[in-house]
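Asks: Between the sequences and the hints, there should be enough to build the whole structure, so can you do that?
For the protein sequence lines, the chains are A, B, C and D, in the order given. When we follow the numbering used here, the leftmost residue of the first sequence carries the number 15, and every step to the right adds one. When we follow the numbering used here, the leftmost residue of the second sequence carries the number 15, and every step to the right adds one. When we follow the numbering used here, the leftmost residue of the third sequence carries the number 15, and every step to the right adds one. When we follow the numbering used here, the leftmost residue of the fourth sequence carries the number 15, and every step to the right adds one.
Just so you know, the hints here were simulated from the structure itself, not pulled from any lab data. Just so you know, nobody snuck in bad clues.
Copies of the same chain look alike in the list, so a pair counts if it fits in one copy or across any two.
Capping the alpha-carbon separation at 25 Å, the derived lysine-lysine pairs in PhoX-like fashion look like this:
1. K47 with K64
2. K182 with K331
3. K331 with K278
4. K64 with K331
5. K53 with K17
6. K247 with K182
Number of protein chains: 4
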Amino acid sequence: MSKPLNVGMIGYGFMGRAHSNAYRRVNNFFDLKYHPVLKAACARSADQIKVFADQWGYESIETDWRKLIERKDIDVVDICVPNNLHSEIALACAAAGKMILCEKPLAMNGPEALKMVEAVEKAGVANMVWYNYRRVPAVSLAKQLIDEGRLGRIFHYRSQFLQDWTIKSDLPQGGNGLWRLDVEAAGSGVSGDLLAHCIDTALWLNGPITTLNAMTETFVKERMHNLTGKVEKVGIDDACIFMGRHANGSLCVFESTRYARGHKALYTLEINGENASIQWDLHDLHRLQYFDYRDDSIIRGWHSIHVSDGDQPYMSKWWVPGLQIGYEHSFVHQVADFIEGISNGKPAMPDFRDAYHTQLVLDAVLASAKKHEWLDVQQG
Amino acid sequence: MSKPLNVGMIGYGFMGRAHSNAYRRVNNFFDLKYHPVLKAACARSADQIKVFADQWGYESIETDWRKLIERKDIDVVDICVPNNLHSEIALACAAAGKMILCEKPLAMNGPEALKMVEAVEKAGVANMVWYNYRRVPAVSLAKQLIDEGRLGRIFHYRSQFLQDWTIKSDLPQGGNGLWRLDVEAAGSGVSGDLLAHCIDTALWLNGPITTLNAMTETFVKERMHNLTGKVEKVGIDDACIFMGRHANGSLCVFESTRYARGHKALYTLEINGENASIQWDLHDLHRLQYFDYRDDSIIRGWHSIHVSDGDQPYMSKWWVPGLQIGYEHSFVHQVADFIEGISNGKPAMPDFRDAYHTQLVLDAVLASAKKHEWLDVQQG
Amino acid sequence: MSKPLNVGMIGYGFMGRAHSNAYRRVNNFFDLKYHPVLKAACARSADQIKVFADQWGYESIETDWRKLIERKDIDVVDICVPNNLHSEIALACAAAGKMILCEKPLAMNGPEALKMVEAVEKAGVANMVWYNYRRVPAVSLAKQLIDEGRLGRIFHYRSQFLQDWTIKSDLPQGGNGLWRLDVEAAGSGVSGDLLAHCIDTALWLNGPITTLNAMTETFVKERMHNLTGKVEKVGIDDACIFMGRHANGSLCVFESTRYARGHKALYTLEINGENASIQWDLHDLHRLQYFDYRDDSIIRGWHSIHVSDGDQPYMSKWWVPGLQIGYEHSFVHQVADFIEGISNGKPAMPDFRDAYHTQLVLDAVLASAKKHEWLDVQQG
Amino acid sequence: MSKPLNVGMIGYGFMGRAHSNAYRRVNNFFDLKYHPVLKAACARSADQIKVFADQWGYESIETDWRKLIERKDIDVVDICVPNNLHSEIALACAAAGKMILCEKPLAMNGPEALKMVEAVEKAGVANMVWYNYRRVPAVSLAKQLIDEGRLGRIFHYRSQFLQDWTIKSDLPQGGNGLWRLDVEAAGSGVSGDLLAHCIDTALWLNGPITTLNAMTETFVKERMHNLTGKVEKVGIDDACIFMGRHANGSLCVFESTRYARGHKALYTLEINGENASIQWDLHDLHRLQYFDYRDDSIIRGWHSIHVSDGDQPYMSKWWVPGLQIGYEHSFVHQVADFIEGISNGKPAMPDFRDAYHTQLVLDAVLASAKKHEWLDVQQG
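Replies: Structural data, given as structure tokens:
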């Protein structure tokens, strides 16, 4: 029989839903030593958090996150609030001895992230960051193929995260659904929101990025601000491109934007090795493209792998070959792995320290874009 | 506040899991007047059903389906057992005044299905059959586009369901995971299992099939039987092809097989109209291909629609544009629609009568294949 | 140094252009013992054939095909006229000892084709039929993979040829560009025009078809006739579907139509074997899709082969890997192979006898559609 | 009747073949006022140029390009030799009043290119550079859609040219087939060879690039040199990435490499506008991907346009809808347009001046990569 793992959720937005769904589903599909119990949900607005709690079956609500953290019946706190609030909450959780699952990006910048890392390591609490795309089965399979050494020497890594939802210039900034457009809350624009995912996966698949050169752009310079009611300067980056080098000698290039008409959420990645290459994209997330030069030459071509067989990552837990899973399952897998980690003492990644490295790359990206020069990435 | 809808599940196999998942999730995503309560799960083996019940949170178990049906605390019975058991259970449910959700195909043949139809209609109990693919958002969108009249006069309908999992000749037949290979339990092979889905969708999208000509084949003639321990003749069809005509004058062609190497579960459909055409396949179920001759000629081409926007069927309930859902969601949608139907008095389809029409097409298919001649389809 | 091979072309339509292009290009890319010389082009209209001859560099013109055949300076006659004229011309060519390259389908029916076969075999003249798709490199590669035994036991063959250019009901029938809609000139509709290609390739790749059942449809029943100026009954089939069995025990299904909105010339084929499967389509003719179950299971998927490498059929003659060739090249390859055949005494296929087998399948298709019953295919 | 246009070809490699094919074919498909006559082919080796001349039907050979240029029976000189020889030959051609078709990149650098521009403009001779990809019909269609204003404000341009043919470290450098690996002959590596195409198309489709930042890499540092027989340092760039800005405010990112395993010659381009976006790639060159936000929202998706209809660029000259053309046709189109240009006094692009702009971008790319800093592009 599994033991309860009491969850306190702070936030109730898109990610609050995605995580809640994961907590509720994980034990139906995975055999684990713990089962999450939705103990409490917290937000400043009692009305709104009540609706959310009812929808998802949280047992209670709180309107002050400090109260939530003080509760003895909470084992793990899930931080699903705007980026500028992560640090303070996480430090308090660590002090209170709570396990922490924190939304990405971990912090507003590297130094802030480092404090969080130090706090959780000092407190000895389990910690993880919601870079969920690592656990899309096709991406996990990519990692497996790389770890098996199938690719040989790596020459290139490239990744994009392309969206188009902010093209309308009359879209306001700030407030509940739109805090990602408000630099005060988000810290940055597409770099922290989208590039952060690309960087996390890149570091995981291809190792450290050592040096880079970045550019950013804000296409729409002013937007109505929901919190002030006034047209205000837009402080976030709408697009960001950077090129650089990994420690293994490969070149990399990254791009993220919310102005790529036609792409809803096109997160792509590609890695080119001496012997084999891999491609993936989020719009067909259940497939992996794999090319192996060692195939017989006359039948050599990209394999379009429908990642739904029982011997492919996570898929034995779900349906049968040919039946695809989707976006939300990556969160279920992350919860499963988190629980495995606290069960067997081998913490699941990315933990805060891992996510701190992503933060250091982001810091270098934003600094390089500002200074218009190449920068070495601090290696944490 | 929603009211409880007490579910009694008979069976615990692949479909038992898929349905249980749907019951557990539906209220997190849909605002409904009822919420399913997993009251009891039933199977002959107490050990096995106990494991299943624990995994999915059923409150109790039964080992005799008649007991389950007698229970007053059960509102709706879900029949997830081999095809040859559907009828007896459904008739008993109707007699007991229970609502019924029955796996497909509804029955072993048309006459048996008709009795079930008459029973539920006489009893006045809500009833539905799990032809879940109608509620894949892309397929629902296809229906919407057809109903809007975008296609014009229809010339062609074609559909396939291709698998490859039974190619191994040392795969046995019969017993728990393999009853689909045992003609006693399944009634037929790919025709009842796979073609039934193709036919259900075809009737829904393109209206009645009036006449047809079919062929079947059993590639592996003998297999070890798990229930007898002996090598026995295989009674099911391994492959089935038929061609025919719809009442609207269009031609149709269907094929299903478990011997199409490379296709795990490739359910495809295409409809060609005077003005527009539509294609869909299950291996990329979140996409719909749409061609419209009325597009400007120089930019005319198949639209690859990533069905994940809020104005596309069911998608406002899930995540954000670009984030795909998968196979299991079709069952969630079906439960949601079933509950809507019993809430507002407009029963969701396909009900038993609807599924009876599919059964009549299947009867014609099998009879035609046996007689080697064209047959008119009885129109129920 | 290569020797001249004097070509006499009868006809100047679409195929006349495609063949002329092939004759003019072949020696630039292939090292051959003969080089075609465009000696004479022939058609009833002197004006029209003059324009054609000038465009393509024919040295002379004729307005009576009998005159052309009588000329001593003609080695090979290319028959590019409507189907109903093939036989008479071919018989005369054989009698005159000319080599013959005849457009497909070879004849109006099997018996007519048989006479042509007997004539060329008696005369001992080289003969070939323009089933050009065999020599699309990807299709040739498919043949190679099958001949290497990579597929194992074959279960399924399926093929389509889908077009949409006759959907307009005000399109007339008959006359120069539209003789394919006139049953007098064409003999049949899509079956002789499109299905014939599918059948030729199927027999080549998968061996004889032994039995079949077909249906045809004429969606637009009357069209203005260009030759009479009156609205007349349409005698051709607009669509044709048939299913059947190959001698090797595999099932087959074929469909051709000119009413599949969205498909310009979508010729597809697929073959499913125990170990491997192959797919191809004309809209991306430079690619072959190949699935091999013997690939490592975690990287198993359809290989998308860009057929442009030097070790793939014909491709060493063209450009470099990645640079695709197109439709017209299949004719160049056919001329090259024809010349190879007359150089080395191993005639290139399909010759008249080979094409006669396709004709017998077509006869069975049309007879079955008329009689509404299964028919065995005469095996010539 | 068309008049002769006497062509003198210098070189006989891959491009010599591609151009010769274009000269021989153009008048079969295009109605033009001139028809190319293959008057003479020139190379230092009499043996080798003789074989080439025979293969392609050149009337005579020369072994000294100065002799070729002196000949009065030559109207136009085609320069198909390594990059370091372009300038001297072109200057001599201009002095001799010959029209010039020069392979790309035009020159070793901007200043050299400028002298060539000044020479041809002073001499008043027709001149063009073989940036052939502009005339792939799908790319020409992209230009048309952009010129029609369908895209609105442009936000992003991105382009790649990915190959994998030099990954083998034992591939030598220098000499006939491998001068592209020899920095003396080529001037640069992938930047001049591959990126040059990307830049030419980008300037054509999206206007000037004003500023950029580049990086290059040489993965294999030493290779046997065919001309010296010794292992020598490799002077070319194996990979090049740059990011920058167009004058219209859009961001751009470019990448080219010969170390992207799995990509034979994957030239891609994408442009994202406010209203619409376009994608294209060379591995399926007959297709254009087009997304238009103004499509009805429920059927919005990328149009996969099979560019083979008569109303699409150049396609009325070839076959029928659905039948694709390939790589070599882009050269035929370029010859046709060159002849149109000299016929009607509206010179076809890109002429030397146009190609000079590409050279200036390349200069900035190489300088930026060397200096590790942002550079403004000289605007010629």
